[in-house]
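Visitor: Given only the sequences and the hints, what does the whole structure look like? Please build it.
Each chain, written out:
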Amino acid sequence: MTKRPVVPSDPAVFIPQLPRWIMTATAETLEAAAFRSGAALAHLHLVTGNSTVPQALWRARLALSAAESCVRIMGRREGVVALRDAVHLIRPGDSPGPAGEILRQWFRAVSRSVQAAPLARVLEGLSVEKIAACFDGAVGNPVDRAVSVLESMLVEMPRAETAALILTDAALAKALGWDPLVPLLSLGLKPRDLRLRGDDLHLASHRAVTTASGQAVTLAADLTRLATRLRAVVPQLRAKGAGKAVDLFLSHDALAPGALTGLMSDRAARRLCDRLVDLDVVRELTGRDSFRQYGV
Amino acid sequence: MARGPKEPQLDRDLADLPQNLRWREWLRRIEVVLFASATPVSRDDLAKVVGQGASVDLLIADLAADLADRPYDVARVADAWTLRTRPAYAPAIRAAADVGSQALDLSDFDTAVLAAIACHQPISRDGLRDIFGKEISRDLIGRLSERDLITTGPREPRRGAPYTFVTTAIFLAAFGMESLRDLPDAEQLTDAGLSELLPKS
Chain A
173 MTKRPVVPSD PAVFIPQLPR WIMTATAETL EAAAFRSGAA LAHLHLVTGN STVPQALWRA
233 RLALSAAESC VRIMGRREGV VALRDAVHLI RPGDSPGPAG EILRQWFRAV SRSVQAAPLA
293 RVLEGLSVEK IAACFDGAVG NPVDRAVSVL ESMLVEMPRA ETAALILTDA ALAKALGWDP
353 LVPLLSLGLK PRDLRLRGDD LHLASHRAVT TASGQAVTLA ADLTRLATRL RAVVPQLRAK
413 GAGKAVDLFL SHDALAPGAL TGLMSDRAAR RLCDRLVDLD VVRELTGRDS FRQYGV
Chain B
10 MARGPKEPQL DRDLADLPQN LRWREWLRRI EVVLFASATP VSRDDLAKVV GQGASVDLLI
70 ADLAADLADR PYDVARVADA WTLRTRPAYA PAIRAAADVG SQALDLSDFD TAVLAAIACH
130 QPISRDGLRD IFGKEISRDL IGRLSERDLI TTGPREPRRG APYTFVTTAI FLAAFGMESL
190 RDLPDAEQLT DAGLSELLPK S
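Order-wise, the sequence lines are chains A and B. 468 is the number that my numbering gives the last residue of the first sequence; the numbers go up by one with no jumps. 210 is the number that my numbering gives the last residue of the second sequence; the numbers go up by one with no jumps.
Hints listed in this document are in silico derivations from the structure and should not be mistaken for laboratory results. Wrong hints could be hidden among the right ones.
Claimed, not checked - What the simulated footprint calls covered on chain A by chain B, stretch by stretch (three residues with Cβ under 8 Å from a Cβ of chain B suffice, anywhere in the stretch; the number is not a length): (1) 252 to 258; (2) 269 to 275; (3) 381 to 394.
Being a predicted model, the structure only gives us computed values, none of them experimental. Every residue gets a Cβ at the ideal spot worked out from N, C-alpha and C, and that includes glycine.
Guide: Okay, here's the thing in structure tokens:
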């Protein structure tokens, strides 16, 4: 019953990984760390401009990891599963809770343009002027500029780490010409790194950018492979609205079948999700019998 | 609702005062707002009583310096501030003032449930029943909600989709914490013989 789609051997689908020398660090100077992070960012730059990479889905998955680490920084214990539940299974009028709110903020941050006005709507409590000043005020290489934003935010609003990290990754993306932003420093920095200042914070940040770039490139390669397979099965799907549903899967971290009911009936949405799982192009993410969620 | 004659608009910028007096006045406004409020006041609310672009953080820092030799202090709670008596004066306050009626007024068991919610959040009543081995009444949850110590979180993804509960900024303020990171960690709980409060991993 399960027909596996033929995996196209299109060379464009192949996303090369970071060279090993970038990822292997020993005790090092700030200069050496900056050299590695610069090389990693240049490599990642090619991924951000690659049209075979499902860009929105890639950023959403990185946002999920970024949210997970922000939640941990706040002293909360929700993992990926609880975060997804809070956001994707929400009913109108309910609250996603403090941790779900963080994931929602991250999803918004990676789907909006890296401009002061749209970001001000994501980062409650920060004015457009303040965000614009963060983008314009910093000098130096892109990572240094992002770190100076991080440092000033941590001093000014020490308990608003999520906002600080979103703004930091936004400043990095702005300096690199990426739009929307790609969560990197928020993935790579550990909770204790946020207590560092000055050169120590710069060193930790260069390392964080390098590690996170490695993860982001690997994720981009995996998702590109999966997305190519998912796109390839679209002709086999007879359900009305299947093409649009696949587009949703290619731009969202996870979907409850209910999210497809704008395109088809509730029953058809469930059947399509099951069919995509049978075709091995979409996974059921929760392992539950009810309140299920699906994603690439 | 009809209101009486409109209050004159608050002059935030105080443009006609010399700079040092203007700053002084802003400091006093921040102090009086914190004094008048029983709950922590957010940065946004404080910014409403001072000039556009005046740094609330700098004003708070100056206020804290002004209060250095006072028996109370300005304390930060999440992204808000409140005035708090210094711990050294607790005995004096307890000896003379009738603060009992203002305290949280929770039973030991209420407090234990609150602690479990803090450590396990988000958690539903069923989750609490599993920890305590008995049903946690809606009344108890209601008492904690009434005091704004907890609020509803996301629903649990299972039959009936029960609501979970999470702690609030008021909870942090009431127990003198700045964030949930200030909750005791696993080792401290175990040492205190409270290991049943530990999250099951």
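Visitor: Are there three or more residues in the region 381 to 394 of chain A whose C-beta lies closer than 8 Å to some C-beta of chain B?
Guide: violated (count 0)
Visitor: Taking 8 Å as the C-beta cutoff, is the stated coverage of the region 269 to 275 of chain A by chain B satisfied by three or more residues?
Guide: holds (count 4)
Visitor: Take the region 252 to 258 of chain A, compare each residue's beta carbon with every beta carbon of chain B, and decide whether three or more fall closer than 8 Å.
Guide: Three-residue rule met by the region 252 to 258 of chain A, so holds; n is 3.
Going through the hint list in order, the structure does not satisfy hint 3, though it satisfies all others.
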